[in-house]
Amino acid sequence: MYSPAMAPRETNPSFMNGVPELLILSLLQQAEMYGYELVHAIRDRTGASIALGEGVVYPVLHSLERDGALTAQRKPVNGRSRIYYSLTPTGSRRLSDLTDTWTTLTSSIQLVLNGNPNGAAHAHPTL
Amino acid sequence: MPTPLSNLFAPTPFPELRERLLRAGIAPRHVRRYLSELSDHLTDLTAEEQTRGLSPTAAGSAALARLGSPDSLANAALAQPEARSLTARAPWAVFSLTPLALLAAIWFLSLCLLRLGWQIFLPQAVTPFGHGPLQFFDPQNIYFQLNRSLYLGAPILVGWCMLLIAIRQRLSVLWPIVSLAILAVLAATSHVQANREAVPTGLGHISVDFAFRPAAQNEYALVVFLLAVAPYLLWKFHTHRTSPA
Chain A
94 MYSPAMAPRE TNPSFMNGVP ELLILSLLQQ AEMYGYELVH AIRDRTGASI
144 ALGEGVVYPV LHSLERDGAL TAQRKPVNGR SRIYYSLTPT GSRRLSDLTD
194 TWTTLTSSIQ LVLNGNPNGA AHAHPTL
Chain B
10 MPTPLSNLFA PTPFPELRER LLRAGIAPRH VRRYLSELSD HLTDLTAEEQ
60 TRGLSPTAAG SAALARLGSP DSLANAALAQ PEARSLTARA PWAVFSLTPL
110 ALLAAIWFLS LCLLRLGWQI FLPQAVTPFG HGPLQFFDPQ NIYFQLNRSL
160 YLGAPILVGW CMLLIAIRQR LSVLWPIVSL AILAVLAATS HVQANREAVP
210 TGLGHISVDF AFRPAAQNEY ALVVFLLAVA PYLLWKFHTH RTSPA
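One line per chain: the protein sequences are A and B, in this order. Under my numbering, read the first sequence as residues 94 to 220, first letter to last. Under my numbering, read the second sequence as residues 10 to 254, first letter to last.
Derived by calculation from the structure, the hints in this document are not laboratory data. One thing to keep in mind: the hints can contain errors.
[Said to hold, decoys possible] Chain A is nowhere near these chain B residues, computed Cβ spacing over 10 Å in every case:
no. : residue
1   : R42
2   : G77
3   : P132
[Unchecked claim] Under 7 Å between C-beta atoms, here's a sample of chain A residues computed to sit facing chain B:
no. : residue
4   : Y129
5   : A144
6   : G146
7   : E147
8   : Y151
9   : L191
Only a predicted model underlies this, so the values are computations on that prediction, with no experimental measurement involved. A virtual CB, placed ideally from N, CA and C, is assigned to each residue, including glycine.
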C-alpha cells in the first residue's frame with residue numbers, strides 16, 4: 094500500500110510553475126511520445142535534477158491537448174495500447190513564446206544573482 | 010509462482026483519487042482517462058523497478074512512490090478548471106433545461122408516431138382516441154399502446170437519466186429532485202388532443218396543452234415522481250447495506 098513516506102523528495106513546487114509545460118512542449122517538438130516515455134526523457138535530459146511525481150504530467154498533457162497545443166493518438170505497441178502525444182502548429186507557437194519568456198527571465202535572474210546593479214535596466218520590461 | 014499484476018495493483022490509491030476528483034466536479038471522461046494513463050504508467054514503472062531486481066511487492070511500492078502522492082496527483086488535476094464538467098459548473102442549468110429538452114424530444118417523437126398510426130390504422134377517423142375495445146394482439150392496439158407507454162413513460166425515463174448523471178458525478182440529490190419535480194408537474198398537467206375537424210385541410214391536428222386539472226392530476230404527479238425516484242432509493246438502500254460499517 095502506498096505511504097507518503099516512500100515518495101522521493103520533489104522539486105520545490107514554487108519554482109516549477111510553467112516548467113513542466115515548457116519541457117513537455119520542447120521534448121514533443123523532437124518526437125511524439127507517450128507519458129512514461131516523456132517522463133523518462135525529462136529525467137534523462139535534466140540529469141534527474143527536476144523531480145516531479147511522474148503522474149502529474151498527465152493533467153498538463155490533457156490541458157495542452159484541450160488548448161490545441163498537442164494532439165493525442167492511441168496506438169498499439171507491443172500488445173499494449175499507448176496514447177502518443179505530438180505537437181501541433183499552435184503548440185509550436187506556444188513553445189516559441191514560452192522559450193522567449195523563459196530565456197529572458199533566467200537572464201534577468203542571473204543578472205541579479207551576479208550582483209549587477211544595472212541588471213534590472215537590461216531586463217525586458219514585459220515580464 | 011509469480012504474482013499476477015492485477016493482484017499486485019489492487020491496493021492502489023486510485024479509487025480514492027477517482028472519488029476525490031469526481032466530487033470536485035472533474036468530468037467523468039477526464040477522470041477515466043487520467044486514471045487509465047496513471048494505471049499504464051504504474052505498470053511501466055513496476056516493470057522497470059522489477060528489472061532492477063526488486064521483488065514484485067517492493068517494485069509496486071516503489072512505482073507508486075514514483076508516480077506521486079495522492080495529494081499531488083489530485084492537485085495536479087484540480088489545477089485544471091477547464092476539466093470540470095458542465096454539470097458541476099452549472100447544475101441548475103443541466104438539471105432544469107436538460108430534462109425539458111429530453112422530454113420535449115421524446116414527446117415529439119411519440120406525437121409523430123401517433124400521427125403515423127392515425128394515418129395507417131384509422132385514416133377515416135376524426136380522432137385516433139376512443140376507438141372501442143380492441144383485441145389485445147390486434148396490431149392497431151399494440152401500436153397505440155406502445156406509443157402511449159412511450160409518452161407516459163418518458164418523464165420517468167428522463168428522471169432516471171438525471172439521477173444517473175447525478176450519481177455518476179457524485180452530486181447532491183437535491184439537483185435531480187428538482188428535475189423530477191419539473192417532470193412530474195409536466196406529466197400531470199399535459200393533455201394531448203387530436204382532431205381532424207380542427208383543420209380544414211383534413212390532415213389532422215395534434216396538440217399538447219398544459220393545465221392544472223382537479224383531483225387525480227396531483228396523485229398522478231406523485232406517482233410519476235415516486236416511480237422516477239424509486240431506483241435511486243433502492244440503490245441508496247443497497248449501498249448503505251453493503252458498505253462496510
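Outcome of the hint check:
no., hint, verdict
1, R42, "7 Å, violated"
2, G77, "2 Å, violated"
3, P132, "54 Å, holds"
4, Y129, "4 Å, holds"
5, A144, "9 Å, violated"
6, G146, "2 Å, holds"
7, E147, "5 Å, holds"
8, Y151, "5 Å, holds"
9, L191, "17 Å, violated"
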